[in-house]
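Engineer: Below are the chains, spelled out letter by letter.
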Amino acid sequence: EDTLKKVKDSGAITLGVRESSGVLSYTLGGAKYVGYHVAICEKAVEDIEKAVGRKLKVNYQPVTSQNRIPLVQNGTVDLECGSTTNNATRQKDVAFANTTFVEEVRMAVKTSSGIKSIADLQGKTVATTTGTTSVQTLRKNKRAENMEFKEVFGKDHSDSFLLVDSGRADVFVMDGSLLAGLIARSKNPADFKIVGEVLSVEPIAIMMRKDDEALLKLVNATIAGMVKSGEINALYDKWFMQPTPPTGAKVGLPMSDTLKDTLKHPNNKPMEDYAKK
Amino acid sequence: MIDIKNISKWYGSFQVLTDCTTNVKKGEVVVVCGPSGSGKSTLIKTVNALEPFQKGDIVVDGISIADPKTDLPKLRSRVGMVFQHFELFPHLSVTENLTLAQIKVLKRNPDEAKKRGLKMLERVGLIAHKDKFPGQLSGGQQQRVAIARALSMDPIVMLFDEPTSALDPEMVGEVLDVMVQLANEGMTMMCVTHEMGFARKVSHRVIFMDQGKICEDCKKEDFFGDPSARSPRARDFLSKILQH
Amino acid sequence: MIDIKNISKWYGSFQVLTDCTTNVKKGEVVVVCGPSGSGKSTLIKTVNALEPFQKGDIVVDGISIADPKTDLPKLRSRVGMVFQHFELFPHLSVTENLTLAQIKVLKRNPDEAKKRGLKMLERVGLIAHKDKFPGQLSGGQQQRVAIARALSMDPIVMLFDEPTSALDPEMVGEVLDVMVQLANEGMTMMCVTHEMGFARKVSHRVIFMDQGKICEDCKKEDFFGDPSARSPRARDFLSKILQH
Amino acid sequence: MATWDWQVFCKNTLDGEVIPRCFGSGGDITYLDWMISAWGWTLSVALLALLVALLVGSLVGILRTLPDKRLVFLGNAWTEIFRNVPLLVQVFLWYHVIPSLFTSLRSVPSFVLVVFALGFFTSARIAEQVKAGIQSLPRGQSYAGLAMGLTLGQTYRHVLLPMAFRIVIPPLTSESMNIIKNSSVAFAVSIAELTMFAMQAQEETSRGVEVYLAVTALYFISAFAINRIMLVVEERLRVPGMAGGK
Amino acid sequence: MLNLDFSFLNWDVVSGFVLKGLVFSVQLTLIAMVGGIVLGTLLALMRLSGKKWLVVPAAFYVNTLRSIPLVMVILWFFLLIPLLIGRPMGAELSAIITFTVFEAAYYSEIMRAGIQSVPKGQVYAGYAVGMTYSQSMQLIVLPQAFRNMLPVLMTQTIILFQDTSLVYAIGAYDLLKGFEVAGKNFNRPVETYLVAAVVYFVICFSLSMLVRRLQKKIAIIR
Ligand SMILES: Nc1ncnc2c1ncn2[C@@H]1O[C@H](COP(=O)(O)OP(=O)(O)OP(=O)(O)O)[C@@H](O)[C@H]1O
Ligand SMILES: Nc1ncnc2c1ncn2[C@@H]1O[C@H](COP(=O)(O)OP(=O)(O)OP(=O)(O)O)[C@@H](O)[C@H]1O
Ligand SMILES: [Mg+2]
Ligand SMILES: [Mg+2]
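Protein chains in written order, with the working numbering: chain A, 1 to 277; chain B, 278 to 521; chain C, 522 to 765; chain D, 766 to 1011; chain E, 1012 to 1233.
Chain A with its partners taken away, still in its complex shape (with noise of 0.2 Å):
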């Protein structure tokens, strides 16, 4: 799969983007399509144009979980951009550049309830949505810890968070940028906050076609590059420190410990990796 020569023959790239993956990749109606994730697939088109000698025309093709994959794999997006977790079992299907995010799974509780950590969750009601690993991580976390509580499963994030709002579940563990991104659009952000254990730690990258090492290094080379240069730093700072459009709020989410690591050894490791340490 070159997927090089396809981009340079059309003239074209496709960029699989998501409606709504809190600020790493999501719309601003219309076709427009922004976001932290989005932002260092722009930057890495803009190498692709100068490998390929020509200018490109950039398409958003939004995705969704269930068809992200095959569609990178049919050919239909040459970039995912949106907010993937690699994973070893992904691996096998798809290649992931190196790690550009990092999510810690926490939980966002009413600031009222009282709830610090999962040691709290005896008897609780816990929301997450359908179709996310989230799901799978709290069945490890609940036979872990031998806990008993309720589950239920928001059709999408905006969803369970509305069951944490509305009172019907008491916790909603999910990935920390996209609550801090819930909270921080929410009527009163004050209402509520992210608490206790990281649950579970998963690297998000940007995924493209397996076997196509020409343009996983080119990835990997402005991530480099941008990481080198600070960029990224930056680029983290105005999408998750500073005011967002549409709204203009502040997701307030500080560069973790494991993301500035990553970024300092750069690596595409599986999320299995991660949990071992």
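Please keep in mind that the hints were generated in silico from the structure rather than gathered at the bench. Treat the hints loosely; a few may be bogus.
27 Å max Cα-Cα, derived DSS-like pairs, lysine-lysine [what the hints assert, rightly or not]:
#1 C:K595 / E:K1228
#2 C:K761 / B:K517
#3 C:K651 / E:K1031
#4 C:K761 / B:K478
#5 B:K351 / B:K391
#6 C:K628 / E:K1131
#7 D:K834 / E:K1228
#8 C:K651 / E:K1131
#9 E:K1062 / C:K576
#10 C:K741 / B:K517
#11 A:K57 / E:K1031
#12 E:K1062 / C:K595
#13 C:K734 / E:K1131
#14 B:K346 / D:K834
#15 D:K834 / E:K1227
#16 D:K834 / B:K332
#17 A:K32 / E:K1131
#18 B:K407 / C:K741
#19 A:K140 / A:K124
#20 C:K653 / E:K1131
#21 B:K517 / C:K653
#22 C:K590 / E:K1063
#23 E:K1228 / C:K651
#24 E:K1227 / C:K590
#25 B:K407 / D:K834
#26 C:K761 / B:K409
#27 C:K653 / E:K1228
#28 B:K282 / B:K496
Listing some non-contacts, in silico: residues in chain D with all C-beta distances to chain A over 12 Å [what the hints assert, rightly or not]:
#29 N841
#30 F857
#31 A957
#32 E999
Note that CB positions come from ideal geometry on N, CA and C, so glycine has one too.
Following the hints, position chains B, C, D and E with the ligands against chain A.
Structural biologist: For chains B, C, D and E with the ligands alone, coordinates are given in the frame of chain A:
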């Protein structure tokens, strides 16, 4: 037995019956005829309150239909009615058709109802078909079952709305035979029909309707007597219907 | 004109027509009668190949229907047919009903077709209704339009399948009048009908069918003459149909 | 598609290890176990909702044929409201919006909620068919019932409805098959039915094709079974002497 | 209790998020309706042809598609068409093809009932004046079947319009998705769903009113 007093009826702004007055005495056979759309069916349906009317009153066996306190289902159960398209209940066997209302309305016990029903079925000559369904019978047979169904309720009067006009010509006879027999036994009957032979043979009076009005209401002998004594509309109608 | 030779037809294992043979000469009017289900409609539909048959042959104006090379649509366009339920096209106006087949089948140009159609409509006395839809006409009027539709194709023969049996009695006359007029003008006609008055007045021959067989096929005079010369079935049928 | 990997169904949902007999034991469950229980949820939601839909739909359908104008209006309003808003939106409103207006509804289990939401949605369509079925009967039938002295209620019960229901069995079959398929909205309110299983299992195992194929097959089997059952019902209820089929 | 805040729903948001979805939903509905009715009519004619080699495939097609949830069909087409034609296809195009093919199965059942509702005598009458099979179908039977079935066809189209929301499965962007995305990105799901319910109701209800009006106009006078 039936006293129709100045009935008027409208569908929206369209007047279907205009000030109709007539009566049927006990034991009398009255034939109603007239062109299509003249209101014959509507008139006969008002007699057992299947069609409401806006003005006038009908008194059946001493009970006023217009009176809101009248128990209409009970009144209807005492008036037998036979329809142009038979209207047997297709999902019920012949026997069930005959017993349903006896059991549900007259509260007869099923055995009694069945006995009565089968007796009537025998009378119309169809006892052999008691376990069939209506769809398995010919039109003439269905209409005879319908008559038996009405009779099994022991009606004090029978209403017929063109009972033979949906039948194949060769089946008309078998139904008319049953009706003639009924008339001869002294049943009070009001029949909408175009069968002038039947009217000639058994009726006592003939009513001719046109455009919602009763134009003629006279003895059979007069109706079929001197044509010049009839209204032009009735003459025209009779000539058309007897022409071929 | 029409030569029916030993036709047999089955629906599955049920034989509807058994070895039927007869003919209709140019200018002849033949009436077909018989009890319901005897195969009259089936027989008349085989004549313009609306019903296929398994044995025998029919030759219409020298063309064999059984011959697989025969252009059936073309043959049918030369044979007019009138149905019991009129079968006007309800979504088309009267004029469109009259012109559709002329334009699509005979490839006449629309003006010519309209002229011809309206002429026929005038003939059946309905020119005033040319822009109405079938649903806005009475049954008798619809049937007359249906006759005009068939005539506007300039047929060499007309087939009628119980043209009056779905009509209110007062409308039967107007349709029969048109048919009588046609017969008097010398049109070749084959009519399934129970109107014995019509048969008496204009037919040349009467065919009586029972259970898929042609039981009687004789001159009108003979058919309505001495009853004792008729088969018992025909006698029985005639008595039933003429009884009331 | 790369290669098939049907072993995914034998994997433990906790650690992803393949369990030899494909069925988990001692609290461990495999994806196969999970899928079978999901199928059970799908069928429970669908069948209960069908029950609700048939009851409510028949009632509303009957209302719409009654002489009383107010009842007809009520029936029409019900039908229009429930059939003109997408099911998913209705489910969301039942789950999230209505309980915040009527707090007592908050304790209603989501299973019950989705059964009613799906039932009401389908009832609008069934009402439409029941109404059409009743109206397709000749007017003479109700006249005949009334003329024999049956009350309006008895006429419906013994004369009109038995025939009307026979007439509407074919469209009801379609609706019953639809309800199986539409039951997939239950995932939106946290019912672990087939669609939720499919979304979750493909996320966890990355074997989307196998998972979706299996789930599609189960939906197909369920809908097909309903179809067969309804055909048997239709056959059983067929009235001798009436035209078959339609 | 319900603390609603519709302030975020300004014209920019509507035009940015919702309008695009509306356009696609309408586009998809119209194309799938026309294509589905045409294809469905062909399938219905096949099933009624009485020729086994036409009946069996048509019946198989219709019964299979009617037994599978639309969302699964959407997914399968999206995954399988690229394998068949050897190149990827956009979600929108894939959705349009899928809906046309899928709805054809439903429209075909409606048209089949419609064709059967035309009395057999009408076909005979067509033949009797010399029309061929295709002429009598085109000029006599189908126009009547179509008019008789118009209300049911339109009800199915309203269902189709609502079902366009299932294209979420392949990432296409329809009306409901427009509302959902706006709801998510402003974290106002309750408000957006309420507005969505109203918008859908208004569209579908006016559509059914329109159909009733239209029906009166073109219904066959009986
Ligand atoms: N439900 C209705 N709404 C409006 N008009 C009606 C209704 N039922 C009957 N009519 C009209 O009332 C008039 C009388 O109808 P009715 O059925 O009583 O006539 P009829 O004399 O029995 O005719 P036929 O011989 O055709 O049975 C007709 O003009 C008919 O069109
Ligand atoms: N499509 C069919 N399949 C099976 N049997 C049929 C079919 N059409 C007609 N028949 C049978 O063929 C026989 C002859 O029918 P046909 O319609 O020709 O009778 P008919 O003499 O015209 O009767 P009627 O006076 O009732 O019109 C009847 O017994 C009928 O039941
Ligand atoms: Mg009448
Ligand atoms: Mg016949």
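Engineer: None of the hints should be skipped; say for each whether it holds.
Structural biologist: Hint by hint, here is what the structure shows:
| no. | hint | verdict |
| --- | --- | --- |
| 1 | C:K595 / E:K1228 | violated (36 Å) |
| 2 | C:K761 / B:K517 | holds (22 Å) |
| 3 | C:K651 / E:K1031 | violated (51 Å) |
| 4 | C:K761 / B:K478 | holds (16 Å) |
| 5 | B:K351 / B:K391 | holds (21 Å) |
| 6 | C:K628 / E:K1131 | holds (25 Å) |
| 7 | D:K834 / E:K1228 | holds (25 Å) |
| 8 | C:K651 / E:K1131 | holds (25 Å) |
| 9 | E:K1062 / C:K576 | holds (22 Å) |
| 10 | C:K741 / B:K517 | holds (24 Å) |
| 11 | A:K57 / E:K1031 | holds (21 Å) |
| 12 | E:K1062 / C:K595 | holds (24 Å) |
| 13 | C:K734 / E:K1131 | holds (25 Å) |
| 14 | B:K346 / D:K834 | holds (22 Å) |
| 15 | D:K834 / E:K1227 | holds (21 Å) |
| 16 | D:K834 / B:K332 | holds (22 Å) |
| 17 | A:K32 / E:K1131 | violated (58 Å) |
| 18 | B:K407 / C:K741 | violated (42 Å) |
| 19 | A:K140 / A:K124 | holds (17 Å) |
| 20 | C:K653 / E:K1131 | holds (23 Å) |
| 21 | B:K517 / C:K653 | holds (25 Å) |
| 22 | C:K590 / E:K1063 | holds (24 Å) |
| 23 | E:K1228 / C:K651 | holds (20 Å) |
| 24 | E:K1227 / C:K590 | violated (46 Å) |
| 25 | B:K407 / D:K834 | violated (41 Å) |
| 26 | C:K761 / B:K409 | holds (25 Å) |
| 27 | C:K653 / E:K1228 | holds (15 Å) |
| 28 | B:K282 / B:K496 | holds (19 Å) |
| 29 | N841 | holds (31 Å) |
| 30 | F857 | violated (8 Å) |
| 31 | A957 | violated (8 Å) |
| 32 | E999 | holds (37 Å) |
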